Structure formats: structure tokens, C-alpha cells
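Engineer: Chains as they are written, first to last, in our numbering: chain U, 1 to 268; chain F, 1 to 296.
Hints are computed from structural coordinates only; laboratory data are not their basis. Mixed in with the good hints, there may be bad ones.
Think about it this way: if two alpha-carbon atoms lie no more than 30 Å apart in a straight line, the pair counts; the simulated DSSO-like pairs of lysine-lysine are [to be verified]:
id	chain 1	residue 1	chain 2	residue 2
1	F	Lys66	F	Lys79
2	F	Lys78	F	Lys59
3	F	Lys78	U	Lys75
4	U	Lys75	F	Lys136
5	F	Lys75	F	Lys227
6	F	Lys227	U	Lys122
7	F	Lys227	U	Lys75
8	U	Lys260	F	Lys75
9	U	Lys258	F	Lys111
Since the structure is predicted, the reported quantities are computational estimates derived from the model, not experimental observations.
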Amino acid sequence: MNEFIWEFSRDRTRRLALRGIRADRRKPFEYRPITIQTNVGSHADGSAYVQLGNTKVVAGVKFEIGAPYPDTPDKGALITDAELLPLASPTFEPGPPDENAIELARVVDRGIRESNAIDLSKLVIREGELVYLVFVDLRVLDADGNLFDAASMAAIAALGTAKIPRVEEDKIIREEYVKTLELNEIPLLTTFVKIGSAIFVDPTLEEERAMDARFSVATVDDGSIVAVQKGGEGSFTAAEIERMIERSIELGKELRKKVKEAIEHGKD
Amino acid sequence: MRSDGREPDELRSIRIEAGVLERADGSARIEWGLKTKRILVPRSEEQHIRELMEQYYIKMHEVREKDLVVDVPEKLYKKLKELRDYEVVGEGFRGNIAVVAVYGPREPIPKHVGDPYKAIVRFAYRMAPFSVPERKRPAPGRREIEISKVCKEALQRVVFAEEFPMTAIDVFAELLSSDAGTRVTALTAAAVALADAGIPMRDMVTALAVGKIPVEGKETIVADLTKFEEDLEGAVDLPIAITPRNEEILLMQMDGRITKDQLEEAVELAIKKAKEIYEIQKNALKEKYRRVVQNE
């Protein structure tokens with residue numbers, strides 16, 4: 001879509017939002033349809049494909065081995081990367097990850113890391129010398145808004161079905177596994193946008209283009225909040241933040257059910 | 001009492017000076033940290049000091065043949081003095097130091113990034129290689145790119161950008177010293193630098209970190225964490241930027257694990273403390289013009 005059409009669509013989205021209406025007729029706190037498929041890549045140690053409305057994201061997990069970070073000699077490492085592939089949108093360009101891709105990867109990473117979803121201390125081969133490095137690579141294939149939540153579901157579903165490869169004489173034996181990676185938590189992001197005075201969950205690209213600000217909350221099972229990220233140029237009041245946090249705890253439960261099912265289904 | 005002697009809601013000391021750079025359209029220098037005393041301790045107490053270092057924000061400054069120079073935050077030193085008199089041999093500072101420059105509104109380079117409806121704010125947050133214990137590679141890392149993005153978004157909202165279409169407002173923040181809360185330090189100074197550049201703004205932007213840490217074994221909501229506190233087991237860090245008059249939240253990030261009630265308490269504390277910092281920002285601007293008028 002060119003800028004001219006976007007201007008029209010932005011106006012329309014904002015006008016509708018004034019009356020609390022969304023262009024696709026969803027309720028303010030309703031997600032688009034979600035499908036999660038696991039084990040989608042044959043060489044990945046764990047993988048998942050998530051479709052959230054028209055947004056499509058693939059996550060792949062690969063284990064490597066290497067030296068631990070100097071400040072955590074007794075822990076494996078988690079490395080999350082995201083790329084907004086040029087195939088996903090006319091506005092994405094080839095080249096190294098830009099600020100949007102970096103933010104996406106870091107916010108998804110934050111929820112997983114801060115909730116201790118994976119116990120990195122169990123990924124040590126020889127303390128201080130050799131540990132497992134867990135790479136989570138996110139690839140956005142089709143960007144129709146809310147990449148955060150789609151990527152977060154994909155990442156955790158891929159990790160939940162990932163298997164740890166065997167190591168012999170300090171080398172990874174590819175595609176020979178010793179066990180499944182255990183998840184302690186299923187941290188998931190819930191993202192809201194503010195358009196005028198309206199607040200909607202799971203924004204489409206149209207809504208993101210029209211938004212004032214964005215707010216993402218990562219929650220876990222017991223209702224704790226493990227990460228927060230505000231984005232966009234607009235602002236929120238403390239009361240609005242309170243409301244979104246409350247909603248994110250409820251919505252997180254529903255999303256978690258879907259992700260859990262996908263993980264259970266993907267385990268052999 | 002916290003590990004540096006502060007109360008839970010107490011900020012570190014903040015000093016802002018506006019208009020510190022010659023060529024920039026606006027600028028500010030900020031010092032945000034703890035003042036410390038360097039005290040002399042006999043070598044025989046080294047073991048004891050090392051044990052205290054686990055619990056308190058005390059640092060070994062110099063290990064000499066006969067004695068030790070130990071760096072103690074001022075507030076902690078006052079408590080220490082009640083127990084025993086130590087010889088003070090110097091003073092120090094542990095915290096963030098940043099210099100921020102604002103250029104613009106000016107023609108954006110490359111030109112095609114210009115917006116026909118408004119000025120675009122660009123923000124470059126960078127850490128000097130010597131600003132951290134281990135030398136940092138000079139090229140901007142992913143962390144710096146993310147921070148630059150959220151800071152830029154926070155400022156875009158407050159400037160009257162629509163008055164300067166097809167221009168860029170460039171903000172450059174260089175961290176010369178760091179001790180937790182560097183993005184909020186940079187942003188607080190950047191808002192002063194924007195005002196110093198004479199760029200019309202809807203409100204000031206005031207930023208600080210709040211969070212949750214164990215204080216004397218109890219989970220406590222605190223303001224303005226040090227690196228020592230950020231690294232404590234179970235610590236939650238929540239940088240936040242606010243417009244102090246309208247209480248709009250412009251930036252908010254969090255990592256750690258926190259309940260809904262604690263989070264709300266933290267946001268409330270942030271709004272309250274932001275008003276204190278706002279006064280410091282205003283004074284910095286007034287002080288600059290006092291200087292300008294005096295030199296006329």
C-alpha cells in the first residue's frame with residue numbers, strides 16, 4: 001500500500017476507534033484467530049509456526065556449544081534474534097536487523113529470560129569452559145501487525161518442543177538428542193495499542209499504523225508480570241496501564257492454553 | 001536501609017547543567033549518582049571489609065602495604081561513623097555521567113527520511129568504551145539501538161513536531177560513566193537539552209528507574225536502583241519516563257518478576273519522584289539564563 005492509501009486507512013481506523021469500533025469488527029480485547037504448529041523444520045532442534053490473523057512468524061531453535069559468558073560460567077546461554085524479512089512487507093528492507101527487529105528480539109527474549117522459562121544452569125557441559133548455547137531465531141514471513149505476540153508464542157512453542165543434542169568429545173552430534181528441553185514457565189506477551197482514547201489488544205498492521213502508543217506485557221502462569229515494553233510516540237495514563245495489566249493476565253491464560261496444547265501435541 | 005544507606009524512596013543526587021556545549025543548539029550535562037567518602041582501614045580488617053562488600057555497596061579502592069582505601073557511599077559512611085571514626089582521605093562519585101547535545105530542527109540527512117507533516121526526532125544513545133568496568137566495544141550494540149528507539153519515541157510526543165515539517169531534531173547522548181539507570185539519565189538530560197535548544201515542547205520529560213529489591217530480606221519497592229541493587233537476586237528494574245505536569249507515561253520497560261500490585265505501587269512511586277527531578281531540570285534551565293544575563 002502506498003502512503004496515500006495509508007493516510008486514508010489511518011483516518012478511518014482512528015474515526016472508528018472514536019466509537020470503540022475496530023475495522024475487522026473484533027471486540028477491543030479479542031485476539032484474531034491463532035494457529036500454532038510445532039516441528040515445522042526438519043533440521044531445527046525445535047521449531048514452531050504461528051499464524052495470528054494474517055501475521056505469520058516462524059521460530060527455530062538450534063543448539064550450539066561454546067564458552068559461557070564470563071559473568072555466568074555456570075550457565076548456558078540464550079540468544080534470541082529476529083529478522084523482518086523483506087518478503088514480509090514492502091517496507092522491510094534487506095540488511096542487518098534494524099531497530100524494530102532488534103526491539104522485537106529483545107522483548108521476546110526478556111520474557112523468556114526473566115521468567116527463567118529455561119533453566120540455563122542445566123545446560124552446562126563443563127563449568128566455566130563448555131556450555132550449550134541456545135539460539136532462538138525468529139523469522140517474520142508476513143507482517144500484519146502484532147509481531148510481538150506472534151513471535152513470543154512461536155519462540156516459546158519452539159523451545160517447548162526443542163530437544164538437546166548429544167555432545168561427544170566436545171562436538172555436537174547433529175540430530176542425535178539426549179532429552180527434551182524442559183520449560184519451567186510459559187511466558188507470553190500480550191500487546192495493546194492505544195488509538196485516541198480506545199485500547200485494543202492484538203493490533204493489525206492498520207491499527208499499528210494509526211496507533212498513538214503500544215504496550216506489551218509478558219505474564220506467566222501465576223499471574224506474575226515478567227516483562228513490560230511501551231512503544232510508540234504516544235503516552236498512557238497510570239490508570240490505562242493498570243487496565244492493560246489486568247487484561248494481560250486474563251488473556252495470557254487463554255494464550256497459554258493454546259501454546260501448551262501445541263507443545264504437548266509436538267512432543268513425541 | 002538500602003545497601004548504600006538510602007531510604008527506599010530516596011533518589012541518588014542529581015546535578016544538571018544546561019548549555020554546556022558551544023556548537024550544539026542545545027545541550028546538558030548530568031551527574032546522577034552517589035557521592036562517596038574514601039576511608040582508611042587497617043590491613044588487618046581486610047577480611048571483614050570483603051565480607052561487608054557482599055552486603056553493602058562498598059568498594060575496595062586501593063590495597064596498600066599497611067592499609068586499605070575503601071570507598072563508602074556518604075549515607076553509609078554517616079552510619080559507619082556512629083560506630084567508629086575512620087580517617088577520610090578523599091571523596092569519590094559512583095554513578096552516571098552523560099553529556100547530551102541537540103541539533104535542529106535541521107534538514108534531515110538522508111533527505112528522504114523527512115516527514116512532510118512533522119519533524120522527526122532521532123536519538124543516539126551511546127556508551128563510551130570506558131564508561132563500564134570491562135571495556136565496551138565502541139560500535140553501537142543491540143542494547144544501545146533499542147534504548148535509542150524507546151528514548152526517541154518518548155521525546156517525539158512532547159515536541160511540537162508538526163511545526164517543523166521535513167526536518168530532523170537530532171539528540172546525541174554520550175554516557176561517560178555508568179551505574180544503572182543510564183537511559184533515564186540520558187533522557188532526563190535530553191529533555192533539558194531540547195528546552196535549551198529552544199524547541200517548543202508540550203511538557204518536560206522526566207525519567208527515572210524504580211523497581212523491586214530485597215531490603216533487609218524483605219521485597220521492597222524502591223526508587224533509583226544502583227548497579228549493585230540491579231544485580232541482586234530477584235531485582236526488578238523499571239525505567240519510566242513521565243511528563244511531570246500531565247503525568248503521561250512516555251517510556252516504560254521492565255524486566256524481572258513482579259505482581260500487579262507491586263507494579264502499580266512502583267508506577268505511583270515513579271510519578272511522585274519524577275516531580276522532584278522536574279524541579280532540578282527547571283533549575284538547570286533557570287541557572288543557565290541567569291548566567292547568560294549576568295555575562296551580558
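Engineer: Look at each hint and say if it fits the structure.
Structural biologist: Evaluation of the provided hints:
1. Lys66(F) / Lys79(F): Given that 30 Å is the threshold and the Cα spacing comes to 25 Å, the pair holds.
2. Lys78(F) / Lys59(F): Since the Cα atoms of Lys78(F) and Lys59(F) sit roughly 16 Å apart, the hinted pair holds (cutoff 30 Å).
3. Lys78(F) / Lys75(U): Answer violated: Lys78(F) to Lys75(U) is near 39 Å, above 30 Å.
4. Lys75(U) / Lys136(F): holds (22 Å)
5. Lys75(F) / Lys227(F): Distance of about 17 Å is within 30 Å: holds.
6. Lys227(F) / Lys122(U): holds (27 Å)
7. Lys227(F) / Lys75(U): OK: Lys227(F) and Lys75(U) at ~21 Å, within 30 Å.
8. Lys260(U) / Lys75(F): Not OK: Lys260(U) and Lys75(F) at ~50 Å, beyond 30 Å, violated.
9. Lys258(U) / Lys111(F): violated (46 Å)
Hint violations for this structure: numbers 3, 8 and 9, all remaining hints satisfied.
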